[in-house]
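Undergrad: Residue numbers (this note's numbering), protein chains in the order written: chain A, 1 to 222; chain B, 223 to 435; chain C, 436 to 682.
Hint data in this document are derived by calculation from the structure and do not stem from the laboratory.
Check each hint, because a few of them may be wrong.
What the simulated footprint calls covered on chain A by chain C, stretch by stretch (three residues with Cβ under 8 Å from a Cβ of chain C suffice, anywhere in the stretch; the number is not a length) [claimed, not checked]:
1. 25-32
2. 123-132
3. 174-187
Just a sample of chain B residues kept apart from chain A, beta carbon distances all over 10 Å, derived [what the hints assert, rightly or not]:
4. E255
5. R272
6. A275
7. R301
8. G305
9. E321
10. G331
11. R352
Note that the Cβ used here is the ideal one computed from N, Cα and C, for glycine as well.
What follows is the residue order along each chain.
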Amino acid sequence: MSTAFRTQVVAVVDRDLRRERRRGDVLWVTIPFGAMALFLFPLAIGTDSALLQRIGPGLYWVTVMLFGVLISVGRASVETQAQRDAASLLGLDPAAGYVGRSISAAGLLIIFEVILGVVAIVLYGFDLIGIPWLIATLFIVAIGLGLLGSLAASLVGSSSSGSALVPLLVAPLAVPLLLGATQAYEGLRLGDSILPWMLLMAAVVLVAAIAGVLTARPLQES
Amino acid sequence: MPAATVIELSDIGVTAGTTPILRGIDLEVVGGEIVGLFGANGAGKTTLLRLIATLIRPAAGTGIVLGADLSGDDRYDIRNRIGMIGHVPGLYPELTLGENLRFAASVAGVPADAVETSLEAVGLLGAIDRQAGASSHGMQRRAEFARELMIERDLLLLDEPHSALDKDAVELVNGLVGKIAANGGAAILVSHDRDRVVAIADRSVELAGGSLR
Amino acid sequence: MPSEIPNPRWPWVAIGLSAAVAITLAMVSPSDTVQGDLVRIMYVHVPAAWLAYLAFAVTLVCSIGYLFTKNLTWDRLAASSAEIGVYFTGLAIVLGMIWARPTWGVWWTWDARLTLTAIMFFVYIGYLALRKTTDEPRARANRAAVLGIVGAVQIPLVHFSVVWWRTLHQPASILRPDGPAIQDTMMLWALLAGVLAFSVIYLSLMAKRVELHRLNDTLHVAELAADRPVAGASVSSPDLDEGTADV
Numbered sequence: 001m002s003t004a005f006r007t008q009v010v011a012v013v014d015r016d017l018r019r020e021r022r023r024g025d026v027l028w029v030t031i032p033f034g035a036m037a038l039f040l041f042p043l044a045i046g047t048d049s050a051l052l053q054r055i056g057p058g059l060y061w062v063t064v065m066l067f068g069v070l071i072s073v074g075r076a077s078v079e080t081q082a083q084r085d086a087a088s089l090l091g092l093d094p095a096a097g098y099v100g101r102s103i104s105a106a107g108l109l110i111i112f113e114v115i116l117g118v119v120a121i122v123l124y125g126f127d128l129i130g131i132p133w134l135i136a137t138l139f140i141v142a143i144g145l146g147l148l149g150s151l152a153a154s155l156v157g158s159s160s161s162g163s164a165l166v167p168l169l170v171a172p173l174a175v176p177l178l179l180g181a182t183q184a185y186e187g188l189r190l191g192d193s194i195l196p197w198m199l200l201m202a203a204v205v206l207v208a209a210i211a212g213v214l215t216a217r218p219l220q221e222s
Numbered sequence: 223m224p225a226a227t228v229i230e231l232s233d234i235g236v237t238a239g240t241t242p243i244l245r246g247i248d249l250e251v252v253g254g255e256i257v258g259l260f261g262a263n264g265a266g267k268t269t270l271l272r273l274i275a276t277l278i279r280p281a282a283g284t285g286i287v288l289g290a291d292l293s294g295d296d297r298y299d300i301r302n303r304i305g306m307i308g309h310v311p312g313l314y315p316e317l318t319l320g321e322n323l324r325f326a327a328s329v330a331g332v333p334a335d336a337v338e339t340s341l342e343a344v345g346l347l348g349a350i351d352r353q354a355g356a357s358s359h360g361m362q363r364r365a366e367f368a369r370e371l372m373i374e375r376d377l378l379l380l381d382e383p384h385s386a387l388d389k390d391a392v393e394l395v396n397g398l399v400g401k402i403a404a405n406g407g408a409a410i411l412v413s414h415d416r417d418r419v420v421a422i423a424d425r426s427v428e429l430a431g432g433s434l435r
Numbered sequence: 436m437p438s439e440i441p442n443p444r445w446p447w448v449a450i451g452l453s454a455a456v457a458i459t460l461a462m463v464s465p466s467d468t469v470q471g472d473l474v475r476i477m478y479v480h481v482p483a484a485w486l487a488y489l490a491f492a493v494t495l496v497c498s499i500g501y502l503f504t505k506n507l508t509w510d511r512l513a514a515s516s517a518e519i520g521v522y523f524t525g526l527a528i529v530l531g532m533i534w535a536r537p538t539w540g541v542w543w544t545w546d547a548r549l550t551l552t553a554i555m556f557f558v559y560i561g562y563l564a565l566r567k568t569t570d571e572p573r574a575r576a577n578r579a580a581v582l583g584i585v586g587a588v589q590i591p592l593v594h595f596s597v598v599w600w601r602t603l604h605q606p607a608s609i610l611r612p613d614g615p616a617i618q619d620t621m622m623l624w625a626l627l628a629g630v631l632a633f634s635v636i637y638l639s640l641m642a643k644r645v646e647l648h649r650l651n652d653t654l655h656v657a658e659l660a661a662d663r664p665v666a667g668a669s670v671s672s673p674d675l676d677e678g679t680a681d682v
């Protein structure tokens, strides 16, 4: 990776995180919405604590997946044509743009996961087991969703109906992340090895990263 | 030695979906030239600028800008030599003017200290920490000119360059355009302010009915 | 542009013949000892599922072909195959449900293969939706090709995850969606005839669909070449002579 590429990636991450800090979309909209969703589930399916303890981790990860994707598409969709043009004419490598956007999405997703995790533990009462593995899971899922979300956002481009399409594109491809995260927790609970699941999730991340970087330039001309 | 050709368009056509916007465009611009581009609303001036900036591909005809084919992949390599300021600002409203320029400097590979120098040149150093979204249209345009001052461009494309600018800023724009022309580059100014542009342009072209005259 | 669009007969003849053979064999083959006549749904369900997977594989190959050659024919092939694949997948899922309800008393089970098939259905619905949101042919081809490849490459990972998941949570019952293995020769012939008929249907639909896409693109090009006024011609000088003093 050349210095210029790295510099551009850092510039994009810096730009996106500053914009998010000033906009506050994730902090004031997506996180509360996700927390609300976690709160609504017991209202609908019953408040039996044994049931909630058992299905709580699953509900948490589904919420992360579905609402987390909004973080990727939210930021990408607020870039105007003029801003995109200006960035292109600065010589921004589309692949650097993709990597930068994915990293900043992943960073915001980790914050999202941690806050929602606290909410889920409070509401559903399940235990934190194998904390280092759980932290690794949080990171891998965040990076995977960031990459898939940014790739999907690049695919739909600036079309008006596009942003609604991004969750539909991401959700099926993110199934291994969902299964990996939930099965990893189950495995930790039962004392089984969870390395295969971690490796599978890592493979998803790797494929998404390679695909995103290789297709960044062909997609930009769309 | 004759000046190098910066833009060479031959029978260019551009469409949006199936609607033709431009048809049969021929244009040649050599280094050192400042060209004024006029036309009625909806004539396709902005589309022509974006085409020359390599941001859209021609549907017909051939175009060479700074040696790169507008239909080929080498057009990516020349993008950082083209500056464009549209009539809609391309700044990020949540970022300050300084942060916007620092982003541009990082991506373009320009040293960070050029940010303050160029903001000072356009008279915005005092507003370096003002959010772009909280700045007036004129201030945002000045900031975009500061961006173009920072980066060495061989071709400058300006859409309504004098709009929302006070007298000092107009001088600034003219100075920037003149500097690029003096260095062998070229500039195209799209404007409704015929007098101001004719005063600095070497020649004018008129866009009407999708074609250039 | 031809004044008459060719409409060859051979696809209909081929479909008719192969379908007739398949239906006949499906009807005369013996009923299953456990499922009874319900087993005949398998002669449509299983070929539909196999052809769906084949169709998506063709989409992958043609998407790669497009990105390498930039020839729109590859894109038309990829799109047509995906469309047919989605229909076949939907058909397989619905037929599976019709078979499952009387057999197991449920419309759906979380068997690995069924779950994976449903996920693939969503992936390619997304592919078709993406094509719909993009009007410009080249942009549409670029985006669809990328999704076609990314989707297909991620599918094995999805497959592994779902299979492992079900392995860990296999229910006590050993029921599988395609029931007991087919042991009777007549049943095997009926199944093969079904696969042949569906293959013929796939090829015929592909031929028609690719031709339709090609005609659409020809129309698009013809519209561009036509002497239509440029967009700017719709703007004229305002006429302020009529009294509108309040303007």
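Undergrad: Next step is simple, just say for each hint if it's right about the structure.
TA: Comparing the hints with the structure gives:
1. 25-32: This one is violated; 0 residues, fewer than the three required, reach chain C with a Cβ under 8 Å.
2. 123-132: violated (count 0)
3. 174-187: Contact hint for the stretch 174-187 of chain A vs chain C: holds, 6 residues under 8 Å.
4. E255: Correct as stated: the minimum Cβ-Cβ distance to chain A is 20 Å, above 10 Å.
5. R272: Its Cβ does come within 10 Å of chain A, the nearest being 7 Å, so this is violated.
6. A275: About 6 Å separates A275 (chain B) from the closest Cβ of chain A, which leaves it inside 10 Å; violated.
7. R301: Given a closest Cβ separation of 5 Å, the condition is violated.
8. G305: 7 Å, violated
9. E321: Violated, because the least Cβ-Cβ distance between E321 (chain B) and chain A comes to about 6 Å, which does not exceed 10 Å.
10. G331: 6 Å, violated
11. R352: It holds; R352 (chain B) is separated from chain A by about 13 Å at its closest Cβ, greater than 10 Å.
Checked against the numbered hints given earlier, this structure breaks hints 1, 2, 5, 6, 7, 8, 9 and 10; the rest are met.
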